[in-house]
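Enquirer: Given the coordinates of chain A, assemble chain B onto it according to the supplied hints.
Protein chains: 2
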Amino acid sequence: MTVDVIDLRSKLAQFADHWAPRRVARLNDYDVKVVRILGDFVWHSHEDTDELFLVVSGDLTIDFRDHRIVVGPGQLCIVPRGVEHRPRADAEVTALLIEPSGVVNTGDAGGELTSVTQDL
Amino acid sequence: MTVDVIDLRSKLAQFADHWAPRRVARLNDYDVKVVRILGDFVWHSHEDTDELFLVVSGDLTIDFRDHRIVVGPGQLCIVPRGVEHRPRADAEVTALLIEPSGVVNTGDAGGELTSVTQDL
Chain A
1 MTVDVIDLRS KLAQFADHWA PRRVARLNDY DVKVVRILGD FVWHSHEDTD
51 ELFLVVSGDL TIDFRDHRIV VGPGQLCIVP RGVEHRPRAD AEVTALLIEP
101 SGVVNTGDAG GELTSVTQDL
Chain B
1 MTVDVIDLRS KLAQFADHWA PRRVARLNDY DVKVVRILGD FVWHSHEDTD
51 ELFLVVSGDL TIDFRDHRIV VGPGQLCIVP RGVEHRPRAD AEVTALLIEP
101 SGVVNTGDAG GELTSVTQDL
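Note that the protein sequences, when read in sequence, are chains A and B. Mind the numbering: the first sequence is residues 1 to 120 in UniProt numbering, read in order. Mind the numbering: the second sequence is residues 1 to 120 in UniProt numbering, read in order.
Watch out, some of these pointers could steer you wrong.
[Claimed, not checked] Covered by chain B, according to a simulated footprint, are these stretches of chain A (three or more residues, beta-carbon under 8 Å):
(1) 2–15
(2) 25–36
(3) 73–83
Note that these hints are calculated values from the structure, not bench results. Ideal Cβ positions, reconstructed from N, Cα and C, are used throughout, including at glycine.
Pulled out of the complex, with its shape left as it was, chain A reads as follows (with noise of 0.2 Å):
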């Protein structure tokens, strides 16, 4: 069994959708995606679980219903259960992922944008 080196930028060199979050690990049952990012998402919750985003490229901008804050390179942040985001991007935004194997993209929203994870 080899352990697998995984290249974030070679992997999201792979797609050019947006919003559709490729698996590239798994961590236990958690799910290890990149994802690129353009435009508005919709508002919606996670209800049973925490999210982290990590930006690889760009500047994700997440707002809240109180506040909004900027995620850039090198930088992450956790959005809590049960707490509405939005997030959103001027200019594509390259970031990884991570949370629990099966959950939803737009969580209780729903919509078109709701994407079922591929792996890459």
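Expert: Same frame as chain A, but now just chain B:
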């Protein structure tokens, strides 16, 4: 409640010792930690959990009993549960670690490099 933006390099600048991970965030029941690595760690394994290493700076070698990998900046690997490994670095490496809270850094090996995770 304000969501924090966590800058990995800023967090790493707050300490200088090696092999002593600092927790910078929690993701459900997982710890998100940063660590400075220099020299050879002990051979060890974690029977009950995988472990994620994401390198921030430097080149991290991880020896396994039958192969080795080198993980560079922007690259990650998942060391599977139960697999013996030895992290090491000839020049200083900084990295992000993610694993369940309470995991002991030296796993089944113990010894003087065992470190209790501190908050940063």
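Enquirer: Give a verdict on every hint.
Expert: Results for each hint:
no.: 1; hint: 2–15; in the structure: holds (count 8)
no.: 2; hint: 25–36; in the structure: holds (count 6)
no.: 3; hint: 73–83; in the structure: holds (count 9)
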